[in-house]
Amino acid sequence: MMSAVFLRGLKDRWLVLLALALGLSFFLGMMAWWFPEYRNQAEISMKLLPSFVKKMMGARASMARPEGYVSWMLIHPLTLGMLATWAIGVPAAVLAGTIEKGTLAFTLSGPITRTRYFLAQTGLLITGQAITIAACFSTVAAIFVAQGTLPAGGLTGWLLAGLQALLLMLCIGSLTMLLSARASEASHAMMPAIAFMMVALFVSLFGDVFKALEPIKPLSPFSWFRPYEPLAGKTTDMSAWLALIGWPTVALTWSWRLFRKRNLSL
Amino acid sequence: MNDPAIRLKDLVHLHPGGKGIAGISLDVPRHSLFGFLGPNGAGKSTTIRLLLDFLRPQSGEAVILGLDPWRQGPELRRRIGYLPGEVHLPENLTGREFLAYAARLRGLVFPESRLADLAGALDAATDRRIKHLSKGNKQKIAILHALLFQPDLLILDEPTEGLDPLVQQAFQNLLRQYREAGGTVFMSSHVLSEVERLCDHVAIIRNGRLVEVSPIEDLRTRKARRVELTLTVPADRETMSKALPAARLLRIEGSVVTLEVTGEAGPMLEALARLPVRDIVVEPSRLEDAFMEYYA
Chain A
1 MMSAVFLRGL KDRWLVLLAL ALGLSFFLGM MAWWFPEYRN QAEISMKLLP
51 SFVKKMMGAR ASMARPEGYV SWMLIHPLTL GMLATWAIGV PAAVLAGTIE
101 KGTLAFTLSG PITRTRYFLA QTGLLITGQA ITIAACFSTV AAIFVAQGTL
151 PAGGLTGWLL AGLQALLLML CIGSLTMLLS ARASEASHAM MPAIAFMMVA
201 LFVSLFGDVF KALEPIKPLS PFSWFRPYEP LAGKTTDMSA WLALIGWPTV
251 ALTWSWRLFR KRNLSL
Chain B
1 MNDPAIRLKD LVHLHPGGKG IAGISLDVPR HSLFGFLGPN GAGKSTTIRL
51 LLDFLRPQSG EAVILGLDPW RQGPELRRRI GYLPGEVHLP ENLTGREFLA
101 YAARLRGLVF PESRLADLAG ALDAATDRRI KHLSKGNKQK IAILHALLFQ
151 PDLLILDEPT EGLDPLVQQA FQNLLRQYRE AGGTVFMSSH VLSEVERLCD
201 HVAIIRNGRL VEVSPIEDLR TRKARRVELT LTVPADRETM SKALPAARLL
251 RIEGSVVTLE VTGEAGPMLE ALARLPVRDI VVEPSRLEDA FMEYYA
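Here the protein sequences line up with chains A and B, keeping their order. Residue 266, in this note's numbering, is where the first sequence stops; the numbers in between run on with no holes. Residue 296, in this note's numbering, is where the second sequence stops; the numbers in between run on with no holes.
Only chain A is shown next, with the shape it has when bound in the complex (with noise of 0.2 Å):
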C-alpha cells in the first residue's frame, strides 16, 4: 500500500524530477567545467567576494582549489533555489495539495493509515531530493575527475558534502511538511517555507555582518550547512551534523502527530 503511494508520487513527479535533476547537473557541470579557466584569476575573484560568502564557503577557502569552487557552486542562489523547488514542492503538495484538490478523499477511503500514507510521501520527498543530489554531483565529480581537479577530501568528502545537502534540503522539507500537515492549500504550505527559507539564509549569510542576528545564527539550519568541511578533508565538527539531522527529525515527527490527528474536511 505504501508503495503504491510511493510509485504513483513518483511517477506524478518524474518529469519535474528529471528537468530538476537534469537542469541541476548541466548549471553545476558547466561551473565545474570552468573550474581550470576560473582558477587562473581566482585570487582576483576572492577580492572581489563579500566576507560572508567566503565565510560560508569556509573560512579559508579559496576560489583556487577545487573544494572552495565547489562551495561556492553549492551556495549559489540557483543550485539552493533548484534543490527546493522539490523540497518545498513535494510536501505541500502531497498533503496540503491533496486535500486543495480533493483527492485525498480517494486515497484515505481505502485501507492505508494516515502514518502509511504520511511515510509514503516522506519517502518519496528523501528519495527525489537524492536522485537530484546524486545526479548533479556525480556528474561534477565526473567532470573534475577528468580535469584532475578532485577535492581534497576525496570520495568520501564527496559523500559527505553531498549528504550534508540532502540534510540541509530535508531540514527545508520537513518544515514544508509541517506546514503542509496543517493546511488545506498548497500555497499556504509553500508561502512560509519558501518566506522561512529565505530568512534562514539571510541571517545565515549576514549573522557576522549584522551582530544582532549572531544570537538566532545557530536556528538557521543553513548555518550548519558547512561542504567545504568534507570536500577539503576535514572533518566536520559534530554539531553541524546533529543540527542537520535534528532538523528534520523533529519536524517530520511532529508533522507526522499533526497530519494523522487532523479533521480533514475534504
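Hints were generated in silico from the structure; no laboratory data involved. Fair warning: there could be bad hints in the mix.
Under the rule of at most 30 Å between Cα atoms (straight-line distance), these lysine-lysine pairs were calculated in the BS3-like manner [stated by the list, open to error]:
1) 11/A - 135/B
2) 11/A - 131/B
3) 211/A - 47/A
4) 101/A - 19/B
5) 135/B - 101/A
6) 223/B - 9/B
7) 101/A - 131/B
8) 261/A - 9/B
9) 54/A - 211/A
10) 261/A - 11/A
11) 234/A - 217/A
Here are a few chain B residues that face chain A, going by a calculated C-beta distance under 7 Å [as the list claims (entries may be wrong)]:
12) 52
13) 90
14) 105
Every residue gets a Cβ at the ideal spot worked out from N, C-alpha and C, and that includes glycine.
Following the hints, put chain B in place on chain A, whose structure we already have.
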C-alpha cells in the same frame, strides 16, 4: 450476523461554527438501502466523514460491520466503497489508471472483467484522461471506484449528482443488484424521488439531529393520502362523515369528494365498499410530504 451494518450511538462532532452533528444514534440494517436525507448543512456529510475516519467524534461510538471505524480503520475501509459528495479525481490519469492505483492501494489484483461489466452498465469512458471528462463522466469513474472492489458496505454522498437520467437509472439498477447480492448501501441524497424509489429505510437529519428514522413504507403509511371519490349520486358532508369517520373531508363538489386518509388503507376500503362509488383516485403519500413536514 443480525447486527446492523452501521450502529451509531450518541455521535457528536460540532464544527467551530456550531454546525455538525449533535448526538446521532442510528442503526442501518444489513442488506438495506438506507437513505440519509437532510438539507444542506444538516450534518449528512459530517456523519459520512466520521464513518470514514476523516473526522474524529468529540463523543459517541460507532460500530461498522462489527469494527470500530477509528481503531480498525484500514481493516474496515477495505470493506467499504465510498463515493464522496464532490468528486475530485487525479486529473492526469485515465479512469483505468486511477482504478488500477486504487486496486494496488488495496493490495488487490485489478478486476478487469468486473470493470468491463460495470463500465458497460454505466457507459463509462475508462480509457480517457480524467481531465478530459465531463462532470457526469468523472462521477461515473467515482462510482466505479466505489463498486469495483465488491465492498460489503457502500457509503455514497449524493451519488447521482451530475448524472443524466438514463445513467441514474442504470446506477440505481446496479445498487439494487448489489443489495440483492448481500451488500448494504448508506446514501445521502437531496433527490427525494430517488430515495423513495430506491431505498427501503430512511433517516432524516435536521440541524445535526435525527428527526426521523424508519422503514420508508412505515413513513408512507403514517403520512396522509389524498383520495378523490366520484359517487354515482351527489354527496353530502353528513353522510360522508358518518361513512368515513377516520378520514378528513377536504372538499365536496357535487358527486366528487376529496378526503385525506391516514394509516392503513384496509378500513377505508371496507367503508368505501358500502358507498355508491363510481371512480376512485388515490394519490400515494410521498416521501417529499414527510420531508417537507420536518423542514417547512
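Hints versus structure:
no. : hint          : verdict
1   : 11/A - 135/B  : holds, 25 Å
2   : 11/A - 131/B  : holds, 17 Å
3   : 211/A - 47/A  : holds, 23 Å
4   : 101/A - 19/B  : holds, 24 Å
5   : 135/B - 101/A : holds, 15 Å
6   : 223/B - 9/B   : holds, 28 Å
7   : 101/A - 131/B : holds, 13 Å
8   : 261/A - 9/B   : holds, 22 Å
9   : 54/A - 211/A  : holds, 17 Å
10  : 261/A - 11/A  : holds, 28 Å
11  : 234/A - 217/A : holds, 23 Å
12  : 52            : holds, 6 Å
13  : 90            : holds, 5 Å
14  : 105           : holds, 4 Å
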